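Following the hints, put chain B with the ligands in place on chain A, whose structure we already have.
Here the protein sequences come in this chain order: A and B.
For the record, in the first sequence the residue sitting at position 93 is 93 according to this note's numbering, with numbers rising by one throughout.
For the record, in the second sequence the residue sitting at position 240 is 240 according to this note's numbering, with numbers rising by one throughout.
Some hints here could point you the wrong way.
Said to hold, decoys possible - Straight-line alpha carbon distances no greater than 25 Å define the calculated SDA-like cross-link-like pairs of lysine to any residue that follow: (1) Lys155/A x Thr146/B; (2) Lys155/A x Arg137/B; (3) Lys155/A x Lys39/A; (4) Lys140/B x Tyr8/A; (5) Lys140/B x Gly209/A.
Said to hold, decoys possible - Chain B side only, calculated, beta carbon under 8 Å to chain A, not exhaustive: (6) Phe101; (7) Thr109; (8) Ser113; (9) Val169; (10) Val173.
If you're looking for bench data, these hints aren't it; they were derived computationally from the structure.
This one's a predicted model, so the numbers in the text were calculated from it and none came from an experiment.
Don't be surprised by glycine CBs; every beta carbon is placed ideally from N, CA and C.
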Amino acid sequence: MNAIYFRYEILRLFRNRQNFIFSLIFPIVLYLVIAGQNKDAVVGDLPFPTYYMAGMITFGGLGAVIGGGARIAFERDRGWTRQLRISPLSPLSYLRTKVATSYLMAAITITLLYVAGISLGVRMPLQRWVEMTALILIGLIPFVALGIMLGHLIKSDSMGPVMGGGMSFLSIFGGAFGQLGADGSLFNKITQVIPSYWIVRAGQTATGGRAWGTTGWVVVAVWSIVLTYGAMWAYRRDAGRP
Amino acid sequence: MTVNTAALTRGPTTGGISLAGLTKSFGDVHAVRGVDIEIAPGETVALLGPNGAGKSTTIDMMLGLLPPDSGSVTLFGRSARDAVAAGTVGAMLQSGGLIAFLTVRELITMMASLYPNPLPVAEVLAVTGITEIAGQRTDKLSGGQTQRVRAALALVTNPELLVLDEPTVAMDVEGRHQFWTFMRNVASSGKTVVFATHYLEEADSYADRIILMARGRVVADGPTTEIKATVGLKTIRATLPQADLPALRALPGVSLAESRGEAIVLTCSDSDQAIRALLSNYAQARDVEISGAGLEEAFLALTGDPAAHPGQTERDHTEHAHTGVDQ
Ligand SMILES: Nc1ncnc2c1ncn2[C@@H]1O[C@H](COP(=O)(O)OP(=O)(O)OP(=O)(O)O)[C@@H](O)[C@H]1O
Ligand SMILES: [Mg+2]
Chain A
1 MNAIYFRYEI LRLFRNRQNF IFSLIFPIVL YLVIAGQNKD AVVGDLPFPT YYMAGMITFG
61 GLGAVIGGGA RIAFERDRGW TRQLRISPLS PLSYLRTKVA TSYLMAAITI TLLYVAGISL
121 GVRMPLQRWV EMTALILIGL IPFVALGIML GHLIKSDSMG PVMGGGMSFL SIFGGAFGQL
181 GADGSLFNKI TQVIPSYWIV RAGQTATGGR AWGTTGWVVV AVWSIVLTYG AMWAYRRDAG
241 RP
Chain B
1 MTVNTAALTR GPTTGGISLA GLTKSFGDVH AVRGVDIEIA PGETVALLGP NGAGKSTTID
61 MMLGLLPPDS GSVTLFGRSA RDAVAAGTVG AMLQSGGLIA FLTVRELITM MASLYPNPLP
121 VAEVLAVTGI TEIAGQRTDK LSGGQTQRVR AALALVTNPE LLVLDEPTVA MDVEGRHQFW
181 TFMRNVASSG KTVVFATHYL EEADSYADRI ILMARGRVVA DGPTTEIKAT VGLKTIRATL
241 PQADLPALRA LPGVSLAESR GEAIVLTCSD SDQAIRALLS NYAQARDVEI SGAGLEEAFL
301 ALTGDPAAHP GQTERDHTEH AHTGVDQ
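Okay, chain A solo, but in the shape it has when bound:
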């Protein structure tokens, strides 16, 4: 990866405050308000602040990585993507940089929500924090790819609604704001095919429960593969004039 190019990409990321509205401000405010009011509540065997922390990490993390798509759409609009295509920057380096900036945004969201969680009394052994973080990062793979795919498919004008809608839909039906359907119900089973369900479930690690199981790993793996191919396909077909 080209270090100077990457450094300026990050500079652009941090100078654009809009990047932080969906990925940081919304989820943190929601978390502090709602979890703050339900500090002592319990969901299943999870304390509410722990449960809701995973939910808001899902919501904000989706915003962070799907937001990568909005940035791509804007660059495309400006003809910058075409300019990069006639530079020696390889498609692989380009995509790697996009993945890295998306993950960087997600990492900021995760860290700040951990801090907010701890301030509301979330506690678990270090090993479980690590495990939970690993599952969240893996669970984000399909959404990083989705962001890149949308960024290369959709014009920047329509990116706002598509992003906002997609992020809300995937968060709500993934159960970020509360599980949909009772355990074992058909509705709940259906929501399990949405990969964001499994990011929310990563919160289960806190109690030492098995968060994913085979179903989780299969769902996340399948979506990761499908959307990664989708992203590569969208990148390839997109060299024409905007």
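Relative to the frame of chain A, chain B with the ligands by itself:
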């Protein structure tokens, strides 16, 4: 009639740029219909043509941004993709703005970092006249300043082949002058330069060779002086009721005669000769005006085919009113 002197006198060059049999359609629009161009290393070539001629489409295919429907592109003996990956190509594309949240200097430094052999950023800022705005954010620039920065982005890459699609559009006189002065240096350092333009004047001043495109084809290709003589036409307009067009066309120096109501329009290869002949043969001619012919008229005279002019819109015509040829 197609003047294709270069194709006759130049053999295929392996070390330069070779576009062979390129075609590209967008649905029903045949944007490029069989373009063959050979460019030797070190040449400065102008792609001259009216709106919609297929210049940008040809450039997109040359740069590997657009796969041709048929035909092939070779840049310095490699495929476009390999030449691009090696950093031998730099370009200023026709459309596009600048990405935001960086200063001018940062953006140009970022671009330079991608290339193996870039020019010093400070030097490029200076020659494009943007040193003063180097610390300004890219989204806070005027149209002409944006264009200068885009030019700087292309120049800093210091490539073997520099492709510029209407580079000086929106630049002021000083900007154009600075830009072309620098381009002269680039060209004299042995780089290959290809630029698209509507201005015969620009092509004439800065290119060794002009390739004229119209309706997706190369209609003339040769040394600048030769092409200039072919298309550096003037028109004579006069009020002359009931004119005999074939007779007018036969006047010395006239290559095309048309009537517009009471008026006639003569497209002339030699307007001095033509005006003398017109006035001595038709003493009743009134309101005589001589002006530089637009490229459009030049192409009509060249191809002699006013009917085959699809896809011309009002916008195209009004644009031509001020992108006319001044020779
Ligand atoms: N992506 C596209 N989809 C449909 N038609 C296109 C597309 N790109 C170009 N065209 C058409 O192809 C033709 C050639 O366009 P091109 O941009 O190559 O012309 P040009 O010579 O660069 O013109 P100008 O001087 O206006 O820049 C035009 O009729 C244009 O409308
Ligand atoms: Mg063009």
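Here is what the structure says about each hint:
1. The suggested pairing of Lys155/A with Thr146/B holds, with an alpha-carbon distance near 22 Å, which does not exceed 25 Å.
2. Distance restraint check for Lys155/A and Arg137/B: the Cα-Cα separation of roughly 24 Å lies within the 25 Å cut-off, and the hinted pair is therefore satisfied.
3. Straight-line distance between C-alpha atoms of Lys155/A and Lys39/A comes to about 42 Å, which puts the hinted pair past the 25 Å bound.
4. A hinted pair counts as satisfied when its Cα atoms are at most 25 Å apart, and Lys140/B with Tyr8/A qualifies at roughly 18 Å.
5. Taken as a hint, the Lys140/B and Gly209/A pair is broken in the structure, with Cα atoms around 53 Å apart against an allowance of 25 Å.
6. Against a cut-off of 8 Å between C-beta atoms, the interface hint on Phe101/B holds, since the closest Cβ of chain A lies about 4 Å away.
7. Below 8 Å, beta-carbon pairs count as interface contacts, and Thr109/B has one with chain A at about 7 Å; its hint therefore holds.
8. Interface hint status for Ser113/B: upheld, as the beta-carbon distance to the closest one in chain A is roughly 4 Å, under 8 Å.
9. Interface hint at Val169/B: violated, since its Cβ lies 14 Å from the closest Cβ of chain A, which is beyond the 8 Å cut-off.
10. Against a cut-off of 8 Å between C-beta atoms, the interface hint on Val173/B is violated, since the closest Cβ of chain A lies about 26 Å away.
Hint compliance for this structure: hints 3, 5, 9 and 10 are broken, all remaining hints hold.
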